[in-house]
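Protein chains in written order, with my numbering: chain A, 1 to 177; chain B, 178 to 644.
If you're looking for bench data, these hints aren't it; they were derived computationally from the structure. We put the beta carbon where it would ideally sit given N, CA and C, even for glycine. A few of these clues could be false.
A short, non-exhaustive set of chain A residues, derived as facing chain B with CB atoms under 8 Å [claimed, not checked]: (1) L125; (2) T128; (3) G149; (4) R152.
Each chain, letter by letter, is given below.
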Amino acid sequence: MIDTFKSSLEAVSGRVHQPASPDQLPNLLHSILKDLGADQMAIDGSHEVSSLIPELKDHIRIIDPMAHDYASRKNLLASCPNALVSAPYAIAETGTLVFTYNKFHSTLPHFLSLNIIALLDPNTLLPTQAALLSHLKEEELKNMVLVTGPSRTADIEKVLVLGAHGPATLHVILNLQ
Amino acid sequence: MSTDVSPIKIKENVKEALQNGNLRKAVKFATGGAIQTRRKTIGGIPDWEEIRQKNHQTKQKVIANLKQFKEQFAQNCSKNGFRVHNAPDAASARGLIYKIAQERGITRIVKSKSLTTEEIHLNPYLIEKGLDVLETDLGEYIIQLKDQMPSHLIVPALHLSKKDVGELFQEKLGCEYSEDPVELLQVARRTLREKFLEAEMGITGANFGIADPGMVCVVENEANAHLSLTLPKIHVIVMGIEKLIPRISDLPNFLKVLPPSATGQKASTYVNFIGSVGQNIHGEGPEEVHLILLDNGRSKIAQDPELKETVSCIRCGACLDACPVYRQIGGHAYGWAYMGPIGITLAPQYLGESEGRYAPFLCTLCKACKEVCPVKINLPLHLLTLRRRIVESGNSKTIEKLGISLWGFGARHPGIYRFTSWFPKKIQTLIGSKTPIPAPGHTKTRHLPPFDPKGFRARFRKKEHKK
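Work out the full structure: start from the sequences and follow the hints.
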């Protein structure tokens, strides 16, 4: 399933990375951020992302949107080009990340930044959309977004351009736990 | 944008479109590419035909029980916190949305692409009322700046070149002229990002309304729908009641056919599920979600024994790309929100036979639309039904009525029929067997195939004799 996910996501301009071992994850993340020329990064407040902060905070400015009220948070995230988020599920067949939202999760970092780096536990990969919909609880289904690659448009002479209103790049790190 | 556009002007519009070389070139280029991409993607889906059939059956079930599914959907959505409003027609839908905005003192609205809101002429109405309504899908934003209607269900600005867009942005947005789609997108993104952050209301359409458990699904590629439905404090969903499907387990089959049919993608970039209302602990998300359930003639069509299938369209646009007529004239010639084969099928049904009476005749009956439809709507059959009804109700042109009456008379009198059919073959013999006979109107843009100088009867007799 990992290979299917990887090839499907790469076919829609996503990038998939896999650290050689779990302890290599921070190094891999540093390398991606360096390639992006990132000097700041927003986070989504998830447990998976928060656990990496101690290893990142000395190298990059971390923006925790939850430390700000809603009005300023929107503007802060909209002006921050990079975000590190966590995807609770993914679909192999289409290379799709699945973001489910509950009352504790912030929805904004996934869409407002230009570059998204998403952590994904490969054990949460599901083969198809049908498998996902039958796997999730009804409450999870009720607020959910399926994301397949960076945002895109071909509205001008059918020329494909990435980064329409959402992210222009999408990096997925397979985070073995 | 003017609201007085109408398919009654189809004939004039077609003439104008056929004389516009740039338009024809742009439409041909865009639709040709779409057909190839679609074919390639579908080639990788082994159970394509089986899925189409299942989708067809699901939609037939919904149409047969539309009232019950609508009630179930409304009840479940209410339980999930939506404020559900029934809009029997376009005017009531517009009025409801304005009232929601007015009561909350809202003036800044962002919209994502919604054909249903085009159908009810929502933007001109709200703008006339003094509200700032901004389309955020790039194609829709372009045509809003241009004060035009969409020319394609999926690619609204398909008829415009990058030069057109560059000049438009320079004039309306005051930026430097560029023909580079990347630069043009960056200008639009910067401009619209500010509007998203300021907006008080977001209006979206709905691709699917799932009766059980009462949720809405919005499919898109740009993330503008997601921003429209998450950033503003009020979210309004305008949904035609034909978008219903019974259960969440029916959804994957529709999500498998919609992206390949619409854009040639295996999966759309974003599929948004909206099934509950209420902000999270961080104050994010809309405080209110209003669901406008638009009928506007749909229930009536669902009860029509011959044409009920036509409301099962999922608005993918595949029939437009496949249609040899659309590929010559583009979308504006059709004169209303829906164009191409599905547009001419819906025009007399939604707008009334009088206003839509010319639309079903804008078709060669080649059946390409039927071949590509992901929910297997038999559009050519329905177009024949509509043509028959238009003729029967006396809404056809006098010259056509006269011609058909004369032909009918001849068909009932074989002697006269034989005598009159003698003329064309005689004329053909006189002017030469390969020279086409001029036929007023018909031969302005094409040739009439030459008549057989021998005639059908002679050939038929010869064949019978051989037997």
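Hint-by-hint comparison with the structure:
no.	hint	verdict
1	L125	violated (15 Å)
2	T128	holds (7 Å)
3	G149	holds (6 Å)
4	R152	holds (5 Å)
This entry does not satisfy hint 1, going by the numbered hints stated previously; all others are met.
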